[in-house]
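Trainee: Residue numbers (our numbering), protein chains in the order written: chain A, 1 to 158; chain B, 1 to 276; chain C, 1 to 808.
In short, the hints are calculated from the structure, not lab data.
Some hints could be false.
Residues from chain B that face chain A, not an exhaustive set, calculated with beta carbons under 10 Å [to be verified]:
| id | residue |
| --- | --- |
| 1 | Ile2 |
| 2 | Phe6 |
| 3 | Arg10 |
| 4 | Val11 |
| 5 | Gly12 |
| 6 | Thr13 |
| 7 | Val14 |
| 8 | Asp15 |
| 9 | Gly33 |
| 10 | His34 |
| 11 | Leu50 |
| 12 | Asp102 |
| 13 | Val105 |
| 14 | Arg188 |
| 15 | Ala189 |
Reference excerpt, derived from the structure (chain B facing chain A, CB under 8 Å, subset only) [claimed, not checked]:
| id | residue |
| --- | --- |
| 16 | Pro38 |
| 17 | Asp52 |
| 18 | Gln104 |
Treat the numbers as computed from the prediction; the structure is a model and nothing was measured.
We treat Cβ as the ideally placed atom computed from N, Cα and C, and that holds for glycine.
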Amino acid sequence: MTHVSVTVNGELREADVEPRTLLVYFLRESLGLTGTNVGCDTTSCGACTVHLDGESVKSCNVLAVQADGREVGTIEGMASNGEMHPLQDAFHRNHGLQCGYCTPGMLMAAASYLKENPDPTEEQVRESLEGNLCRCTGYHNIVKSILDAASQMSGARA
Amino acid sequence: MIPAPFEYVRVGTVDDAIQALSDSGDAKILAGGHSLLPLMRLRLARPALLVDIGRIDALRYVREDGDHVAIGALTRHHDVANDDVLQRHCPIVPYAASLIGDPQVRHVGTIGGSISHSDPASDMPTVLVALGADLVVAGQGGATRTVPAGDFFKGLFEPDLATNEVLSEIRVPKTGDRGWSYVKFNRRAQDWALVGVAALAANGSGASVALTNMSDRPLRASGVEEALSGGADAAAAAERAAEGSSPPSDAFASGEYRRELAKVLVRRALEEANAR
Amino acid sequence: MAVAERYVGKPVLRKEDPEMLAGQARFTENLSAPGMVWMSVVRSPFAHARVGAIDTSAAEGMDGVVAVFTAADLESEWGGPLPFVWPITEDIKVPVHWPLTKDKARFQGDGVAVVVAETRGQAEDAAEAVKVDWEPLDAVLDLEEAAKDGVVVHEDLGTNVVVHWSHGGGGDQSLFDTADVIVKERYLGPRLIPNAIEPRACLAQSVPAMGEFTLITTTQIPHIARVTLGGTCNIPESKLRIIAPDVGGGFGSKLNVYAEEALVLALARRLQRPVKWVETRSENYLATIHGRGVLHDVEVAATNEGKILGFRVKELADMGAYYQLLTPGIPELGGWVYMGPYDVQAYWYEFTGIVTNATPTDAYRGAGRPEATYVLERAVDALARRIGKDPAEVRRMSLMAPFAEAKTSIMGLNLDSGNYPAAFERALELAGYEELRKEQRARRESGDGRQLGIGISSYIEMCGLAPSNILGALRYAAGGWDACAVQCLPDGKVVLKIGTSPHGQGHVTTWAQIASDTLGVTPDDVEVLHGDTSVAPLGMDTYGSRSVSVGATALHLALEKIKDKARVLAAHELEVAEDDLEFEAGSFHVKGAPDRARTIMDLAVSAWHAHALPAGFEPNLEATAVWDPPNFTWPAGTHVCIVEVDTETGATDIQRYVAVDDCGVVINPMIVDGQVHGGVAQGIAEALFEEARYDEQGNLMTSSMTQYLIPAASEMPSFELDRTETPSTTNPLGVKGIGEAGTIASPPAVVNAVIDAVSHLGVTHIDKPASPERVWKAIQAATGGSGGSRSERGGASGSPPRASGGAS
């Protein structure tokens with residue numbers, strides 16, 4: 001067992017884990033944060049996307065020990081003070097989710113991307129989601145939601 | 001799935017990493033982990049020990065060094081893709097880095113890890129071969145050796161690395177105003193190249209062309225280069241793109257198709273490089 | 001007070017979203033129980049192998065291992081084999097399918113043993129340590145080869161040819177000999193892997209002293225699972241509770257009852273501990289059903305002018321190694337729409353089901369109807385090419401005329417209503433069809449390296465499954481009704497318990513909209529409960545685009561009962577005759593005196609405290625209704641796909657996608673559009689990307705998401721949608737269903753577009769998926785290049801083990 005301490009959604013969390021423990025199972029099973037889903041075993045689907053030091057990563061392909069001493073952000077920490085993040089709100093208003101399984105990963109991927117590029121084109125949003133698979137929405141409303149959120153967020157900054 | 005059990009050690013220096021590798025008969029280096037961990041999860045790899053070099057910050061840099069740019073092996077694809085020095089002096093490298101995997105993969109995966117994996121379907125090895133880059137390998141007792149990229153990739157998943165050596169630096173020549181192109185043909189953006197082509201236009205020295213996924217290692221398109229130096233135009237030279245290749249036939253495409261694709265993509269890459 | 005606003009027809013935002021967006025969804029994998037142990041299944045690495053000795057001793061000695069069981073160890077647990085409920089003919093041969101196989105593995109992934117351990121990792125480690133003495137046998141994968149019985153998958157059946165079903169035909173069969181034009185085509189529909197992004201999972205718990213069991217599982221069909229698993233596991237239905245919590249997509253793959261569900265129940269009983277199993281994705285590719293896997297021969301009879309006279313279709317259908325719940329019923333479901341939206345004079349369809357050494361097939365989004373539509377719409381384009389006519393013109397002259405009342409079609413069932421020309425013309429208008437053809441001509445003349453292709457697909461779909469009497473005639477084991485119970489609570493809220501079981505379709509919102517309009521409340525006031533057989537015990541679940549037309553009709557009827565009951569109470573309280581009351585927006589008022597009124601929710605309070613009820617009036621305002629539809633519903637529409645094909649590489653790029661669908665009356669247009677988006681994307685994936693491929697030994701080559709190419713947003717276009725609205729005559733709501741339409745319509749639209757783009761080069765055929773290589777080879781073959789050659793050097797060396805979607 002190896003001891004890890006990770007700041008998750010702003011709170012320091014510690015546990016003893018097997019070195020082989022994937023970050024996603026540390027979050028889900030050690031910390032009970034089940035919002036991050038697992039959809040594949042090949043780093044393909046992106047359902048498990050979380051933020052590591054503020055950037056999107058696939059938590060099924062990072063060991064918990066690699067996150068030791070670092071900051072992890074998950075879907076559970078996305079809203080603040082009871083207010084949905086503009087991306088969450090935009091997904092709701094634009095029907096950007098159906099079964100909801102890929103949704104946390106989509107949201108975390110999009111949040112990371114909008115930090116890099118706050119004013120993307122539709123094509124850029126589509127490219128930014130190359131590592132996130134959805135089987136329900138055909139991506140149409142996911143892309144629409146992210147573009148909507150980007151414009152809401154830039155409106156809020158202006 | 002999750003990996004089979006293993007021991008884990010995190011090291012703070014390259015020397016410690018090499019010591020740990022030497023001490024264990026069955027260790028693997030963990031950098032970003034984005035080639036290794038997927039194999040371990042499917043239990044296609046099951047090392048007894050992982051030596052985590054991910055915190056050796058000294059291996060994370062991009063800096064000018066005379067007529068070269070030196071890239072620390074632990075520099076992430078994301079950082080390579082967005083690096084100003086590279087954009088200015090060797091733009092084919094950041095461009096190719098931006099095509100690797102997906103954003104999440106690029107946020108974790110490292111240039112050194114990707115190269116050390118020696119996968120002929122990877123983009124960066126091809127680019128380094130076309131560039132004539134040098135790879136710096138650290139070994140026991142502080143020793144280092146420099147290997148030309150063209151010699152480093154010895155076969156499928158077979159880099160020129162002893163079990164107790166670590167790739168520490170990638171040195172790419174500045175390309176100045178030399179035209180360049182990397183053309184990646186794949187079915188989905190997140191996939192490996194079905195075929196990829198790195199091309200650098202003639203500029204003093206001859207044009208340089210290398211291919212991704214056309215052999216068991218990145219393949220220099222010598223026939224194309226020869227034709228170009230003999231005065232052939234891009235279209236005529238590209239006809240020789242598949243010479244000496246041995247592309248795989250797999251679930252994605254036949255070797256036959258890959259050979260024909262290589263010709264089309266080489267022509268397009270040369271045209272783009274010449275126009276840039 | 002009553003709410004005047006109507007919700008039906010409005011894009012009401014989903015009630016389902018907040019928990020999903022907050023990461024608080026209740027997916028099966030998120031749930032656990034005290035004392036829970038993990039199951040892992042030991043699966044055959046071979047497609048066909050005799051199972052010799054199984055040595056479990058090493059596994060049993062490993063850390064955390066609770067038990068290891070083989071098929072023989074668990075035989076006493078079973079009341080019968082895994083359920084198969086659709087023996088479509090009297091003489092069908094039915095392979096016996098146990099939760100674990102004892103004698104032979106018949107597909108790669110067939111389970112032979114289970115390991116139970118304290119943690120997920122320990123279970124996986126120990127499963128690897130179970131040593132099985134395999135004797136590999138020759139495998140048979142190809143349908144025509146399997147039909148020769150050189151390798152027989154089930155010796156006791158004596159043959160792989162297990163079922164032959166014929167529709168029997170309709171109309172004048174001699175047309176297939178006498179028509180001006182007969183076009184004969186052969187189309188291959190590869191196996192597809194459904195890929196709900198949530199893999200399967202299940203968790204069984206028991207109360208041993210009571211003999212009670214609860215199974216939480218990723219299913220579309222908790223009710224069907226209860227009755228069938230009860231039989232397999234020897235548990236009375238009354239003692240078995242099935243819960244489908246939030247379910248992360250289904251697409252037919254969770255319209256099934258699986259070995260693992262039976263196994264966790266049996267192990268929970270044997271071990272007296274909760275047992276959980278979570279499928280990995282690679283496991284999903286082997287152990288969860290595949291779809292399609294068909295080979296069609298089609299003949300189109302037509303006049304010289306292009307009027308379609310008839311279709312005659314013969315199909316070989318891959319059943320896989322066993323039947324799952326419905327397997328041979330899937331082609332049969334398609335067997336009723338091989339006339340499409342066309343006014344034909346002759347109809348023939350038959351299929352032969354063949355067992356192979358591959359994962360069982362079963363319902364995959366559309367189930368039989370995408371297969372049919374693909375064949376018809378490809379063949380219509382082939383006809384147009386044959387006679388040198390525009391494919392739009394051939395369709396235009398052959399579509400059925402509009403009909404508002406039900407009428408009998410040539411295949412013998414009643415169509416509920418239809419206006420196929422309206423959707424067709426609207427789709428062409430939206431696409432700008434004539435302009436596109438001009439652009440196409442210009443590119444052809446200039447020899448552009450990127451050629452434009454336009455593909456059309458007009459479809460009709462049979463859904464709203466199903467009238468029970470017809471299901472009976474088709475030898476399906478159950479009925480096709482559904483049920484809903486509505487309770488008006490004294491606090492002004494409404495509880496609605498329904499037998500449909502959604503997995504992304506937004507039922508909670510849609511049903512709340514319907515209830516709100518009748519009861520005069522808002523959707524926020526309506527709690528929709530579903531997916532738990534103890535909460536909503538009556539139901540037939542969600543599949544086949546049935547939920548709105550069958551389930552919501554049951555809801556509507558329950559609301560009508562509540563209204564009728566409330567009217568009695570309103571008349572009593574207002575001291576008038578019932579006939580003197582008018583009903584509007586959830587409220588009764590006295591005719592001519594709108595102030596003298598009682599809302600339904602007021603009446604719910606009186607009915608609950610029951611202080612002053614009319615004689616014989618049962619306390620509480622609640623009602624249950626069960627609806628057995630008198631007919632199917634028949635959505636229809638036309639889709640147009642516009643592609644660019646790179647003639648040098650064969651790569652296809654979708655430029656635009658236009659869909660005009662008619663699903664009858666629309667309750668929530670936002671949700672309906674979303675269903676079309678997702679369905680179309682799945683069909684585009686089928687047309688261009690996806691294909692489950694096996695090697696000759698029966699190893700699944702596309703064994704993970706890195707090889708099985710599910711497109712991402714980066715590979716998809718935006719969609720342009722419109723609708724026509726022809727109310728169904730099957731149900732009082734006028735609704736038809738929209739869950740499968742996109743997947744039914746889109747594959748032929750896309751493949752037709754790809755072929756159209758290069759047809760001027762002489763290309764007439766490209767199989768699904770129209771990969772760059774297939775397109776390139778078709779061009780090479782048509783233009784006399786070398787690309788059509790099959791004698792390639794190098795051979796199939798296979799891919800190196802490359803396990804992720806990126807690089808380190």
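Trainee: Checking each numbered hint in turn, tell me which of them this model violates, lowest number first.
Mentor: Structure breaks hints 4, 5, 6, 7 and 8.
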